Amino acid sequence: MAGTGKAHLRPEGDVLIRVEDLVVEFPAGRGRTVKAVSGISFDIVKGETLGLVGESGCGKSTTGRALIQLPSPTSGSVRHGFVELTELSDEAMRRRRTDIQMIFQDPISSLNPRRTVGEIVAEPLRVWGPKGAAEQKALVDRILDAVGIDPDLARDKRPHEFSGGQCQRISIARSLVVDPELLICDEPVSALDVSVQAQILNLLEDLKAEYGLTLVFIAHDLAVVKNVSDRVAVMYLGKLCEVAGPDELYANAAHPYTALLLGSIPEPDPSAAVDEDLVDDGELPSPINPPSGCRFRTRCPQASELCADEEPQMREVLPGHHVACHHPLVAVAGQ
Amino acid sequence: MPLFTRLCLGWLVAIVFGAIFADLIPGLQDPNYQGFLFGTSATNEPPSLTHLLGTDNNSRDILARIVYGARVSLVVSMTAVIMGTVCGGFLGALVGFVRGKTDAMIMASVDVILAFPGLVLLLTVVTLLGRRDLLVIATVVGFLSIPPYTRVARATALAVSRREFVMAARAIGTRKRTILIREILPNCLPTLMAFALVNAAVIILLEGALAFLGLSVQPPTASWGNMINAARVDLRINVWPAVWPSLALVFTVYSLNVVGDHIRRSKAVRSAAL
Amino acid sequence: MSDAVETDRRLLTVTDLRTTFSIAAGDVQAVRGVSFALDRGRTLGIVGESGCGKTVLARSIMRLNLGSNVTTTGTAEFAGRDLLSLPMADMHEMWGMELAMVFQDPMTSLNPLVRVGRQVTEHLRQHLGVGRAEAARTAVDLLNEVRIPEPEARLKAYPHELSGGMRQRICIAIALACEPALLFADEPTTALDVTVQHQILNLLGREQRERDMAMVLVTHDLGVVAGRTDDTLVMYAGMVVEQAPTGSLFEEMRHPYSEALLRSLPRTSQVSHTRLAAITGRPPDLIDPPSGCAFSPRCPYVQPRCREEVPPLSAVDDPDHRFACWTPVGSPEGMAAFARNVAEGLPQAVAVDLTAPSSTGSGGAS
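Chains as they are written, first to last, in numbering that gives the first Met the number 0: chain A, 0 to 334; chain B, 0 to 273; chain C, 0 to 365.
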């Protein structure tokens, strides 16, 4: 797809964050612009986990960062409750930062190597929290304990004394210490080994229940995204392709790109024969000069002239399952 | 730390210690006492028990002059390092973090200073003030060493700013000022320190060259450079008054480089382990 | 397969290979006694987590562990010659000609300042003494073969002008240029996107079949091993813990580590929010590895004996399926050991006890 449209947005009631027509562009020198995100809309309901999945360069991380206005989007709206975040001044946005927290891909790079773990986790409290040292320490200890780090052993150590998985736990502790509503996880497990990845995914699920969190989970690994998400949005080259519940999406992929992604996953099961006929020797087009119409058409086996002329709009193909494609792989309800 | 590095470090410690406590070292003579005026010693004496390194063409004790001369090298290089790390380090970290117009403006002025011939500036200042004591020389050399530190700090700050912990700090709503002081600056320091040691060696050589040209502190105040300059006249009669300060200069500069390299390497190991 | 055929087809036999790095903190025993054999035209998968020694093993066989602090012992007999005792000059002759390697990061394994064309033809001209014009023609053929569109234009490009997938194709073309008998692919797709990974693995598989080339595929991804290899070695803490034809390995994992690795992997075939059976703890310190089985501190099946004696790599029923465990998965001893550990509340056993009600869903502390 890679189309636009808002058919997949839900009624306002429980929506925590509503993003409409989000556009993020960066200058690429010589007067050109990288169209990282080109008009996507989505919403996040309180308590759910939205999985944003796609390959590198699809704009998923940029989207995550646009939610916290780092940097602010080029255009479009990010509404948190009744507040339009894109219109806030820097200072007003700074005051709202505790509501939306973020954890990053590289657990080691996201901790300042010259500070102790105690200082790192207490940093948000230094900015916002209770000023009493004892009170801060109690909070830090409680949160470190919750993420499975022994506060007494860890408090005075520096990040390089910990493994990647432990650093990611410390990172999570830092983001949760201010009790945020929304936690944006940007590829939180892709730098970790398989066994550690499972520990962190389980931990996120536990913390979500314990702290009543809403999550945006950004990842390139479809299996990981399926495991943690309540709703999955597939992105390609700055556009949304398909939005659906995880089990539904993986069972009935309607967008040819989703089908390609799913077919490419190496399943740890030799009896599931590798699909060598899955023909795709295509390359990701340049985000500086993306294809007209549907952005996926240059690699799409279903592509027709219509796809080049007209950008597909989001529509519901099955209940709760939206796709932006002129030729979806499932029969469209009512057609 | 390898033995050789320890030796170099030992030499540096000895030099610094000697320069600071020169007045208190028992048996060390007055560097400006001209023995031949009072018949206690001759000019160009070879090394002996009274004058461990001999005397110069004014019959002054060479060892004493080297120890006191280290003060000049030390003060000039320390001023340069301190002004460089404090002013240059802060400016560089600031512009590397905030980028934009401030960056363009400050880096432009830094480039101008870098392009400006230092010797001319020094001559102008010395002429205008009509004096060339340690304070003037040290300040001018210090000012001239700000730009290289700014460049080093800026390059480091650019890299540090891209690390995710800076993004994380912004995401928790830390003010930019606080991020600069708590996240960026501490991570620029190790690189600046390694640079400072090597830079100190360069400054010591620079002071030597200035003194040789007669542009450093006013004789009779001893400095390694003006000792070599003074010995030049009698080089055919006695090379030792030139050799000893030269050796002091070489050992010091070399040791600074060895220790600087050691620190840089251990820092590289540390950041690779991160 | 008869014995005669087997010895004829045998290309590489590695026996008791050990590699140690001396660092300030002590001797890191990165590979601790690995043996295996590989036939022509077959693919061996070596799978394990970071630090298990899989990459060091491949590089030790290739003699690419450059550095004076590395010692390698054991033998690696390749077509009748022991690679580990060959003079370095002979090794230089073998690289590219007989043995080739594809690395994880296609950006850093290509020289950024040299046009792709020269890098592809370098080996041809150096080893085979091929002339410039003919080398250029071969380069175009090679790029066609690795399915790079417009090969003539791409040969003039610099590495940074190509995408990650294209660069890895170039690396494969370079590796294949002199028709090696054995290709080491060290995490060749880890840095690539999943659709590109699929393309590259297809390409490697096709080239291997067409050239009757043997391949060692080093990866951390059990999924990659499952679909693309004939045999698999599972490594943990520098040792092989399980070794079997890939089919029988996935059918019946016998070593607790292999099982744990597979179970901790999220799968698209599972419903959303399936709780993962995470492996508790961390891999051991290879400077001072634990006595007994290296996996024992994290193993849900651990028994006192495991902490004292290193289990040998041996077969039970199927002679091709060997594993190093005192209480293998699926055996009566194993089941009894697991039940005992759950009853005693051993954390690593309780964490993966799927019969317990608290182990599903998202509640509870980890």
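Watch out, some of these pointers could steer you wrong.
[Said to hold, decoys possible] From the structure, some residues in chain A lie toward chain B, with a derived Cβ separation under 7 Å:
#1 67
#2 68
#3 69
#4 73
#5 75
#6 96
#7 103
#8 105
#9 110
#10 111
#11 113
Simulated from the structure, these hints should not be mistaken for lab results.
These figures come from a predicted structure and were not determined experimentally.
We treat Cβ as the ideally placed atom computed from N, Cα and C, and that holds for glycine.
- Per the CB criterion, is residue 67 (chain A) less than 7 Å away from chain B? 6 Å, holds
- Message: Let's test the interface hint: is any C-beta of chain B closer than 7 Å to that of residue 68 (chain A)?
- Response: Hint on residue 68 (chain A): violated, closest Cβ of chain B at ~10 Å, above 7 Å.
- Interface hint for residue 111 (chain A), Cβ within 7 Å of any Cβ on chain B: 5 Å, holds
- Task: Answer holds if the nearest beta-carbon of chain B is closer than 7 Å to that of residue 113 (chain A); otherwise answer violated.
- Result: 5 Å, holds
- Is the interface hint for residue 69 (chain A) satisfied, with its Cβ closer than 7 Å to some Cβ of chain B? Result: holds, 6 Å to nearest chain B Cβ.
- Against chain B, with CB atoms and a cut of 7 Å, does the hint on residue 103 (chain A) hold up? 4 Å, holds
- Query: Are residue 73 (chain A) and chain B close enough, Cβ to Cβ, to be under 7 Å, as the hint says?
  - Reply: Violated, about 18 Å.
- Status of the hint placing residue 75 (chain A) at chain B (closest C-beta pair under 7 Å): 20 Å, violated
- Query: Is the interface hint for residue 110 (chain A) satisfied, with its Cβ closer than 7 Å to some Cβ of chain B?
  - Reply: 6 Å, holds
- Hold the hint about residue 96 (chain A) up to the distance rule: shortest CB distance to chain B must be less than 7 Å. 3 Å, holds
- Is the hint on residue 105 (chain A) kept, meaning its closest Cβ partner in chain B is under 7 Å away? Holds - the Cβ of residue 105 (chain A) comes within 7 Å of chain B, reaching about 6 Å at its closest.
Hint compliance for this structure: hints 2, 4 and 5 are not met, and every other hint is.
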